[in-house]
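There are 2 protein chains.
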Amino acid sequence: MAKLGHYTDLGNADRLLLQDFEKEELTFKKRDLVRREGEPTRSLFVVKRGWFFGHSMLPSGKRQVHRVFLPGDFIGTHEIVCAEATYDISAASDGVLCPFDKSGLKVVFTRSPRLTALLYSIEALDQVTQDDRLRAVSRMDAAGRLAHFFLQMFSRLRISGEQVGRSIRLEMSQELIGDTLGLTGIHVNRTLKQLSDEGLIELSAGVLTLTDEAGLKALCDFDDMHYRIDTSWFPDT
Amino acid sequence: MAKLGHYTDLGNADRLLLQDFEKEELTFKKRDLVRREGEPTRSLFVVKRGWFFGHSMLPSGKRQVHRVFLPGDFIGTHEIVCAEATYDISAASDGVLCPFDKSGLKVVFTRSPRLTALLYSIEALDQVTQDDRLRAVSRMDAAGRLAHFFLQMFSRLRISGEQVGRSIRLEMSQELIGDTLGLTGIHVNRTLKQLSDEGLIELSAGVLTLTDEAGLKALCDFDDMHYRIDTSWFPDT
DNA sequence: CGGTTTTTTGAAAGGGCTCAAGATCCGTGG
DNA sequence: CCACGGATCTTGAGCCCTTTCAAAAAACCG
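The listed protein sequences derive, respectively, from chains H and R. Anchor point for the first sequence: position 24 equals 24 in the UniProt record's numbering, and the numbering is continuous, going up by one each time. Anchor point for the second sequence: position 152 equals 152 in the UniProt record's numbering, and the numbering is continuous, going up by one each time.
Careful: at least some of the hints might be erroneous.
Since the list can't tell identical chains apart, any single copy or any two copies may satisfy a pair.
Here are the simulated DMTMM-like cross-link-like pairs (lysine to aspartate or glutamate), alpha carbons at most 25 Å apart as the crow flies [to be verified]:
1) Lys106 with Asp230
2) Lys102 with Glu162
3) Lys62 with Asp101
4) Lys48 with Glu22
5) Lys217 with Glu39
6) Lys106 with Asp236
Just so you know, these hints were derived from the structure itself, not from any lab. All of these numbers come straight from a predicted model, not from anything done at the bench.
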């Protein structure tokens, strides 16, 4: 709710509808599998605590991390159209999820055009973010991809209402980051070292510090404008 | 409307709402710029005829094609959250677009929960498609990426209600395909030749034929399940 | 404190890129 | 209907970023 509230004012009725999404809680430990690819997508989730990620294997044995889910994110909204899950979901750290039924959205769609518009926008925003990621993964070298990934991560965390300074706890192994960016864990390691040597980042004991944010931005043409959405066309209620 | 009707039955009221999206027409010639990155996103489009594509430049001089838009597709729905366009849009072939105002969606959201759910699903489906594309671009070699791209293209065209056999007219240069897949036009050319030599495809005079669809699928782990959506949770009206 | 998961580092191989240049295709104007 | 110029397709050679394979050091967890 903190995250959604970041974008627009919510009426009381809308707050009540949203509360229904966080009634239940499920606890997971790092490396736990939340759901396997191919399972019926009965429920969606809201991330309450911790980091999660969606991933799938390729026949070649390579793994792709499709998304990283942070506190406040919805999990599975984009797969709602599929009868079966399109990829696995696991916990990147210890964490808590709130599951709710697909049909919960039906209620929102019927009762609150404004909240619907907001959900639609969240979905759309997610796509803009993914698009940006595709651009980085598809066209940049290792240093650029990492810079882009870190900046996007910071940007997303800042929105969820958490206090984020220049440092965060990175709840992902270098291998996992590699699978997110289409790189080998090994090469992630080498590139990370390079970025450190150049004074752009600092990384120790799982804590990542952006020493030179401007320098990182220059490396990957990052533009943070995505995170304020245009609500001018929203219905009033 | 043919495309949306592919997914679910539309009531009369919904058909009327949709008709409003195709009132105007704009004609473009191959290579025309439809809209530039940074422009205010006043209107969205429906593709009536021809192929279009969204693209952006990187500081390195490389170009990324974010999406290819085919007849029946909406253009710009995912960017509706941004006040400004996130990338350029150009015509890949001669074609016709139907522009309509952002606020057209407001009407849909307010009047028809069912149509709203459908639009939301289209958006979500698009994301599943893009996710799949990311997986290919991020983790497969050139042959796999091309195979995946072609199969996805065929699959999308089949849904739009057009009659598609084993051949289509490919309205994209090899360079453009390269920019879509994170490859050089030159390397696309070489790989295309390789695929031909192996009897998987045939390509001449801009017409692409999938000679061995199963072979291509094996190359890229393609799964076409995405194109039937789950409407079980849709509101009734 | 022992086992597992991560991080590091080295050396060699490979897929895709760059640079270059010719061949083709195609729309346009005469 | 033909000629011209730009776009697109081809092909060759050498280079570079990233991957592989291997193995040791560190860090983490119960």
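We went through each hint and held it up to the structure:
For the identical chains of this complex, Lys106 and Asp230 are neighbours both inside a copy (24 Å) and across copies (13 Å), given an alpha-carbon limit of 25 Å. Taking the closest pair of Cα atoms, Lys102 and Glu162 never come within 25 Å of each other, the shortest separation being 28 Å inside a single copy and 32 Å across copies. Neither within a single protomer nor between protomers do Lys62 and Asp101 lie at most 25 Å apart by alpha-carbon distance, with minima of 32 Å and 43 Å respectively. Only within a single protomer do Lys48 and Glu22 lie at most 25 Å apart by alpha-carbon distance; the minimum there is 8 Å, versus 42 Å between protomers.
Taking the closest pair of Cα atoms, Lys217 and Glu39 come within 25 Å of each other only across two copies (22 Å); inside a single copy the shortest separation is 39 Å, beyond that limit. Taking CA atoms no more than 25 Å apart as the test, Lys106 paired with Asp236 passes in both settings, with 19 Å inside one copy and 9 Å between copies.
Of the numbered hints given earlier, the model fails hints 2 and 3; all others are met.
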